[in-house]
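Asker: Heads up: the protein sequence lines correspond to chains A and B, in order. For the first sequence, this note's numbering begins at 478 and goes up steadily by one. For the second sequence, this note's numbering begins at 344 and goes up steadily by one.
Rather than coming from a laboratory, the hints here were simulated on the basis of the structure. Please read all numbers here as calculations on a predicted model, not as lab measurements. A few of these clues could be false.
[As the list claims (entries may be wrong)] Pairs of lysine-lysine, DSBU-like flavour, derived with a Cα cap of 35 Å:
{"#": "1", "chain 1": "A", "residue 1": "Lys698", "chain 2": "A", "residue 2": "Lys795"}
{"#": "2", "chain 1": "A", "residue 1": "Lys796", "chain 2": "B", "residue 2": "Lys671"}
{"#": "3", "chain 1": "A", "residue 1": "Lys757", "chain 2": "B", "residue 2": "Lys493"}
{"#": "4", "chain 1": "B", "residue 1": "Lys607", "chain 2": "A", "residue 2": "Lys817"}
{"#": "5", "chain 1": "B", "residue 1": "Lys749", "chain 2": "A", "residue 2": "Lys871"}
{"#": "6", "chain 1": "A", "residue 1": "Lys990", "chain 2": "B", "residue 2": "Lys657"}
{"#": "7", "chain 1": "B", "residue 1": "Lys581", "chain 2": "B", "residue 2": "Lys671"}
{"#": "8", "chain 1": "A", "residue 1": "Lys803", "chain 2": "A", "residue 2": "Lys891"}
{"#": "9", "chain 1": "A", "residue 1": "Lys831", "chain 2": "A", "residue 2": "Lys795"}
{"#": "10", "chain 1": "B", "residue 1": "Lys752", "chain 2": "A", "residue 2": "Lys757"}
{"#": "11", "chain 1": "A", "residue 1": "Lys796", "chain 2": "B", "residue 2": "Lys642"}
{"#": "12", "chain 1": "A", "residue 1": "Lys812", "chain 2": "B", "residue 2": "Lys752"}
{"#": "13", "chain 1": "A", "residue 1": "Lys817", "chain 2": "A", "residue 2": "Lys887"}
{"#": "14", "chain 1": "B", "residue 1": "Lys738", "chain 2": "B", "residue 2": "Lys510"}
{"#": "15", "chain 1": "A", "residue 1": "Lys796", "chain 2": "B", "residue 2": "Lys581"}
{"#": "16", "chain 1": "A", "residue 1": "Lys817", "chain 2": "B", "residue 2": "Lys642"}
{"#": "17", "chain 1": "B", "residue 1": "Lys642", "chain 2": "B", "residue 2": "Lys537"}
{"#": "18", "chain 1": "B", "residue 1": "Lys493", "chain 2": "B", "residue 2": "Lys738"}
{"#": "19", "chain 1": "A", "residue 1": "Lys757", "chain 2": "B", "residue 2": "Lys657"}
{"#": "20", "chain 1": "B", "residue 1": "Lys642", "chain 2": "A", "residue 2": "Lys831"}
{"#": "21", "chain 1": "A", "residue 1": "Lys990", "chain 2": "B", "residue 2": "Lys532"}
{"#": "22", "chain 1": "A", "residue 1": "Lys831", "chain 2": "B", "residue 2": "Lys510"}
{"#": "23", "chain 1": "B", "residue 1": "Lys589", "chain 2": "B", "residue 2": "Lys493"}
{"#": "24", "chain 1": "B", "residue 1": "Lys493", "chain 2": "A", "residue 2": "Lys871"}
{"#": "25", "chain 1": "A", "residue 1": "Lys812", "chain 2": "B", "residue 2": "Lys537"}
{"#": "26", "chain 1": "B", "residue 1": "Lys749", "chain 2": "A", "residue 2": "Lys757"}
{"#": "27", "chain 1": "B", "residue 1": "Lys642", "chain 2": "A", "residue 2": "Lys757"}
{"#": "28", "chain 1": "A", "residue 1": "Lys817", "chain 2": "B", "residue 2": "Lys671"}
{"#": "29", "chain 1": "B", "residue 1": "Lys510", "chain 2": "A", "residue 2": "Lys757"}
{"#": "30", "chain 1": "B", "residue 1": "Lys671", "chain 2": "B", "residue 2": "Lys537"}
{"#": "31", "chain 1": "B", "residue 1": "Lys378", "chain 2": "A", "residue 2": "Lys757"}
{"#": "32", "chain 1": "A", "residue 1": "Lys871", "chain 2": "B", "residue 2": "Lys657"}
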Amino acid sequence: MKKRIFFLGILFLILLVPLNVAFAQNYLFAVPREQVDLYWETNGTLTIEYLIVFQNYGSPLDVVDLGLPNANYSVANITATIDGQPVDSIDYDSPYIDIGPAIYFGSNAIPPGQTGTFRARITNITGVLYTDSEDENYASAVFIPNYFGSEFVTGSSDITVVYHLPAGVQPAEPKWHIADHPGFPDTPTTGSDSQGRITYTWRNSNGNVYSEYLFGASFPKSYVPAASIAEPNFWQRYSIDPEFFIPFLFCCCFALFIVAIIWIGVVSDRRRRMQYLPPKIAIEGHGVKRGLTAPEAAILLEQPMDKILTMILFSTIKKGAAQVAKADPLEIAVKSPFPKDLREYETQFLAAFKEGDKPARRRAMQTLMVDLVKGVANKMRGFSKRETADYYRKISDEAWQQVEAAGTPKVQSKLYEENLEWTMLDPNYDDRTTTVFTGRPVYAPYWWGRYAGTTAGTGRTVISAPSRSTGGGRVSLPTLPGADFAASVVGGVQNFAKSVTGNVADFTGGVTKVTNPPPPPPKSSGRSGGGFSGGGSSCACACAGCACACAGGGR
Amino acid sequence: MRLRLRGLRLRLRRRRQIVATFLERIGLSRTTPAKPLEPGFYSYVAPPSHPFNYRLHLRVEGDGNGLLVVNASTVLHLNQTATEYAYHFVHLTPPEQVAEKINRRYRVSKPRAAADYADFANKLQALIETPDLDPVTYLDFDRTRPYTEKLSAPYRLDCALTYNLPKGSPRGATPHKRVTTELSTAQWKQIIEKAHTVGIPHIVFTGGEPTLRPDLAELLMYAEDFGLVTGVITDGNKLGDTRYLKTLLDAGLDHAMIVLQPTKEQTWDSLASFAYWREVLNDDIFIAAHLTLTRQNAKQINALIDRIAESGVKALSLSVTDPALESKLQAARDHAALRHLPLVWDLPVPYTALNPVSLELKATRKRKQPEGAGNAWLYVEPDGDVLPGQGINKKLGNMLKDEWKKIWK
């Protein structure tokens, strides 16, 4: 970066250097009068006569740089005096102006506070005529009188410019060019000189000698040799001042160069760098965790806890380990000893119901749920939670499709009974159950009596429990109205919540505060370069209404 | 015409190179093309004061992609950009410098690089500090099936230091006839160094019975000096001696698996010994237990699992030799889950396809050898011969004598 600033600094210094050149002068003068006589000769040359009166206010005025139209002049053709005394020397090329001689006064320098009259005559300047742009039969003669830097000049000047047209030019033939300069008349005064040559005179008694005044006139080409009329060069043709244009062009090129450098820098830097793709992390892990039971899958799918406990209730009833003794409030009669095929959480569930005290039973249920959540989390280690959840959603959906597609109530009832817990995984299982079974008879499952058999007091249909077939014999299954059946199944969850868990959100909060404790207060991470937030909550899904498993899938 | 154009293009390119070199010299540009990180192996061990005792091992592969192993167990595959971020994470580069460096090497703005790095670091931190978080669901990680990616080296090297067994062990339990020599301490050190050089982050010392080697602690310390994760698989008989166990812990032992012989009290003594030192040293050493379900212990399996859980073991490896006990194995798995014992299944205990995990994975169910053998891990016999895994007698080369390229084709 330092290198870059240094380089750019050098470039700017190079640009600034030429501006310093002209500041060492301390000339100051006035020009009360200036007259220029321009003799456009019949041989196509130009003779210039200058009369300049200087009133000096600064350093001794010892030199005049006289600007000329082009370099086609010779020192031998220049004569000059100061107050009638010949000047000291004449240099062909002034170091301070583009084209023109430097005329040195020598010992006749005008002292400060004094006035001096300068006269100069320059003859035989060639290449001063051009074809008129408006009439190719005319030659155009254009001239700018000498002017000085404004910092050296003070006061106004009486300026007279006299064009002496070639001898022989008739009064009706020549044309003047409009001089659009403040103080000068648009139209010159026409006259004739002592040689009878037509003259155009422009005068401004209140002009200045630091402005560029351009004058011009045209006359028929026939009065001068054709060879003396120059074709306009490139700059003249397009009216471009090379003095301005070339530095301008240089500046443009330089600016372009800088832009190009930056552009190439940017492009090459861009090419040098590699394509950026967002960081991607893939973890090694297995996909679907099979073998979960429906309540375990419900934990994974973050189903409400009262629903999960109802699923366990159904499974214990189906296994013959329990029977609903009282519907409202819910009480169950636990079979003793427990059947052998009970799962741990089913055993815990039955044990919890043995608690006579309602708060104690609620706490036992919460312990059951904590163990269940942690157990699922352990089982899920190394497996993908997302893929496993999708898998069990699909199982639930397929279970419903089978039930809904069943041709007869009997088959439908059988399929529903077999897949009851899986159908309950559907978040809309209550609506779906009501829709499917309302308006048609339902064949009550063999365990229905253990669930709904004692609900006479609640006004429900009383069904005697069928006995399960143990051999190959037929079992006569009772039927009941579908609406009652659906209401009984769906109502089981609400009844469970009302009787056992109480407020589901509070119950769930008691579980999740163990399974997903709030994050500890922030500690220093120990990573000196980091400064990262420490991972946030221990579980992104620690919502109050769901049983969040937070299983470590993928590892 | 085409030739001429090509010539022009070549000339332009050369000119552009000259300009670019000039620009680089004056500091306006850099022309050296950015390249992916050089292949290498880097470690980070969290300081003891850190609330989460963790280790990171980053292996930058030849194509610029990387492998980040967290605590020698969680394997993350990283694309090139993530590898660069992991490199800076492991090297504790200040985040603002990371953005600057990434911006210099990739076509990405500094704010975007800073945001991506912060996101990467937060995810990694969450993964380390919240082991129960599902990274696919909550951290937006992709999942790749284990052992399917092409690797430049395995994740783990199982070193059978000896095939000797304690007195009284059944004859023929180890292949003494096939392997007649044992490497010296210096030779094992060479192997450890070679493992580190090729980017293996994890060494497990096994046997026979590795505690019969008097240099076990010395080898553990040597591996620890390289920042490698170390483990021991043992019958636990010798670990009941708390002083001996202390020497292993002091040498840097990170984890141990006790192959339980439930009828032997020494086995339980070793677990008690670990529990003792864990309490005394406040050490977070990871202990797993391997239990083989047999007809003899099937009835007491839940009680055994309860005892294992109560002894402070953090993970359980289960297997069964008799296919008829498959349902018992599933029940044992469920009981282990209830006791919050996660399952491990890929350590070189006597392998059987009948472990609870492979039983659930259809793809591996019929395999006769673990899926990761020869890929995720290699097995070095006491004489230095390399096998894909324990009990798979297919020699891949010799760790001491052969070039790594020959062993790892």
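Asker: Hint by hint, say whether it matches the structure.
Answerer: How the hints compare with the structure:
Restraint check: the Cα-Cα separation between A/Lys698 and A/Lys795 comes to about 128 Å, which exceeds 35 Å; the hinted pair is violated. For the hint linking A/Lys796 to B/Lys671, the alpha-carbon distance of about 19 Å falls within 35 Å, and the restraint holds. A distance of roughly 17 Å separates the Cα atoms of A/Lys757 and B/Lys493; the hinted pair therefore holds under the 35 Å criterion. Of the supplied pair hints, the one linking B/Lys607 and A/Lys817 holds, its CA atoms being roughly 30 Å apart against a limit of 35 Å.
In summary, the hint linking B/Lys749 to A/Lys871 is not supported, as the alpha carbons are separated by about 47 Å, beyond the 35 Å threshold. For the hint pairing A/Lys990 with B/Lys657, the CA-to-CA distance comes to about 22 Å; that is within 35 Å, so the pair holds. Of the supplied pair hints, the one linking B/Lys581 and B/Lys671 holds, its CA atoms being roughly 31 Å apart against a limit of 35 Å. At roughly 26 Å between alpha-carbon atoms, A/Lys803 and A/Lys891 fall within 35 Å of each other, so this suggested pair holds.
Among the hinted pairs, A/Lys831 with A/Lys795 is consistent with the structure: their alpha-carbon atoms are about 19 Å apart, no more than 35 Å. Between B/Lys752 and A/Lys757 the alpha-carbon distance is near 27 Å, which keeps this suggested pair within the 35 Å criterion. Of the supplied pair hints, the one linking A/Lys796 and B/Lys642 holds, its CA atoms being roughly 22 Å apart against a limit of 35 Å. With a C-alpha separation of about 63 Å, the suggested pair A/Lys812 and B/Lys752 falls outside the 35 Å cut-off, and the hint is violated.
Under the criterion of a C-alpha separation no larger than 35 Å, the hint pairing A/Lys817 with A/Lys887 is consistent with the structure, at around 30 Å. Between the alpha carbons of B/Lys738 and B/Lys510 the distance comes to roughly 29 Å, so the proposed pair stays at or under 35 Å and holds. Between A/Lys796 and B/Lys581 the CA atoms are separated by roughly 48 Å; this puts the pair beyond 35 Å, and the hint is violated. Distance restraint check for A/Lys817 and B/Lys642: the Cα-Cα separation of roughly 13 Å lies within the 35 Å cut-off, and the hinted pair is therefore satisfied.
Our distance criterion of 35 Å between C-alpha atoms is broken by B/Lys642 and B/Lys537, whose separation comes to about 46 Å. Proximity of B/Lys493 to B/Lys738 is assessed by CA-CA distance (about 20 Å); at most 35 Å being required, the pair is judged to hold. Pair hint A/Lys757 plus B/Lys657 holds up; C-alpha atoms about 31 Å apart against a cutoff of 35 Å. Distance hint between B/Lys642 and A/Lys831 is fulfilled; the C-alpha atoms sit about 27 Å from each other, no more than 35 Å.
For the hint linking A/Lys990 to B/Lys532, the alpha-carbon distance of about 49 Å lies beyond 35 Å, and the restraint is violated. A hinted pair counts as satisfied when its Cα atoms are at most 35 Å apart, and A/Lys831 with B/Lys510 does not qualify at roughly 53 Å. For the hint linking B/Lys589 to B/Lys493, the alpha-carbon distance of about 39 Å lies beyond 35 Å, and the restraint is violated. Of the supplied pair hints, the one linking B/Lys493 and A/Lys871 holds, its CA atoms being roughly 33 Å apart against a limit of 35 Å.
Between A/Lys812 and B/Lys537, the direct Cα distance comes to roughly 64 Å. Violation of the 35 Å bound is thereby established for this hinted pair. Between the alpha carbons of B/Lys749 and A/Lys757 the distance comes to roughly 32 Å, so the proposed pair stays at or under 35 Å and holds. A distance of roughly 48 Å separates the Cα atoms of B/Lys642 and A/Lys757; the hinted pair therefore is violated under the 35 Å criterion. Taking the CA atoms of A/Lys817 and B/Lys671, the gap is near 13 Å; set against the 35 Å cutoff, the hint holds.
Of the supplied pair hints, the one linking B/Lys510 and A/Lys757 is violated, its CA atoms being roughly 52 Å apart against a limit of 35 Å. At roughly 43 Å between alpha-carbon atoms, B/Lys671 and B/Lys537 are farther apart than 35 Å, so this suggested pair is violated. Restraint check for B/Lys378 and A/Lys757: the C-alpha separation of about 19 Å stays at or below 35 Å, so the hint holds. For the hint pairing A/Lys871 with B/Lys657, the CA-to-CA distance comes to about 34 Å; that is within 35 Å, so the pair holds.
The structure fails hints 1, 5, 12, 15, 17, 21, 22, 23, 25, 27, 29 and 30 (numbered hints given earlier, in ascending order).
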